[in-house]
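Here the protein sequences line up with chains F and A, keeping their order. If you're matching positions, the first sequence starts at 1 in my numbering and goes up one per residue. If you're matching positions, the second sequence starts at 1 in my numbering and goes up one per residue.
This list has only true hints and no planted wrong ones.
No more than 30 Å apart at the CA atoms, straight line, and that leaves these computed lysine-lysine pairs for BS3-like:
1. A:Lys11 to F:Lys42
2. A:Lys57 to F:Lys1
3. A:Lys57 to A:Lys15
Simulated from the structure, these hints should not be mistaken for laboratory data.
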Amino acid sequence: KQEVTQIPAALSVPEGENLVLNCSFTDSAIYNLQWFRQDPGKGLTSLLLIQSSQREQTSGRLNASLDKSSGRSTLYIAASQPGDSATYLCAVLTGANNLFFGTGTRLTVIP
Amino acid sequence: GAGVSQSPSNKVTEKGKDVELRCDPISGHTALYWYRQRLGQGLEFLIYFQGNSAPDKSGLPSDRFSAERTGESVSTLTIQRTQQEDSAVYLCASSSNPLGSYNEQFFGPGTRLTVL
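One chain only, chain A, in its complex shape (with noise of 0.2 Å):
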């Protein structure tokens, strides 16, 4: 079946604007993240969404950052004025079941996001 789907694969825009990345979780997936990876470091938590829960934003870096996510369906990550610390690949991964040890993520290929 079809895995995590994001887009666009690549994204390159100018220090102050806005940009906008979308996710496509695996159909029926409750639970869907959000994380940052920046070059040669480790995958970063942003945002968790699962079902129609309030979403836990406290991995979120600045208020420049916002998410949104359609019930149980596609999300949006939003930054605002980009600067060239936001440079990253940004990363989506949904579960089935987000309690306890059955929680297996699943990733998509991510988006790299280049700040000039």
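Chain F extracted, bound-state conformation (with noise of 0.2 Å):
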């Protein structure tokens, strides 16, 4: 079964600095990967989506890398707002309704 890991679980940054997260899955065999966030009472909000051929997306100050051989992605955020202070999730799609998801990263940007 595909495992989906986050890590760090927590992360406190000031405003204004570059920060990663990382996420990895342990079966590579998947469609696409999407990055959320989700705040609360909010639901989740789709940030970026890589298909499975694709290297990297960008929207924005995101930008998402996917290494599929190898079973990892990373979500840069530049120049971070507090704005930006959510928990942010991977998911990776590995057939139509096999969406597996991480446990996610809290982020807090402090003014």
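Starting from the two chains in their separate frames, assemble the complex, guided by the hints.
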């Protein structure tokens, strides 16, 4: 069974710092990988989706990379802001209905 | 455009009561998913609907859980005889392209269920 791990579980940084969140998965046979942010009471917001044939995706200050063969993905956040404070989840898709989530990294950006 | 909506946002119930949770997917999305997130844990898949195909119920934890979907629109998740371990946030997601690498799931805000 696919297992998804996110490190660190929690991260606290001062405003303006660049940071990297890590995600690893055990089975490289994936269709895609998604990064989400979760805010209390607001469900999940999709940030980036990387298809299995892609290496990275960028959206604004966010950049996600995928190394499928080694089972790793990183989410890079540039020039962090207090509004970036949230829990970040990665999830890998192995079938139409098989989306496996990590337990997330709780990010706090200190003003 | 409108995203995935869920109601109610919060539900408090007594042990043994039945509850019904609602999900309105994004219009035109053929695939709909239900997940559960217990406190401090990751998301667990519950059930998947795709068009008029038979739903994949493999994630439902017990026969107290059931779900229905009307065509490609609203879905309801029903939990009968609720137990305290059913307390969780129930999330619904929809997708326009569930097959292959273009499957991007969009989530609703969730329903927080508390069973006393």
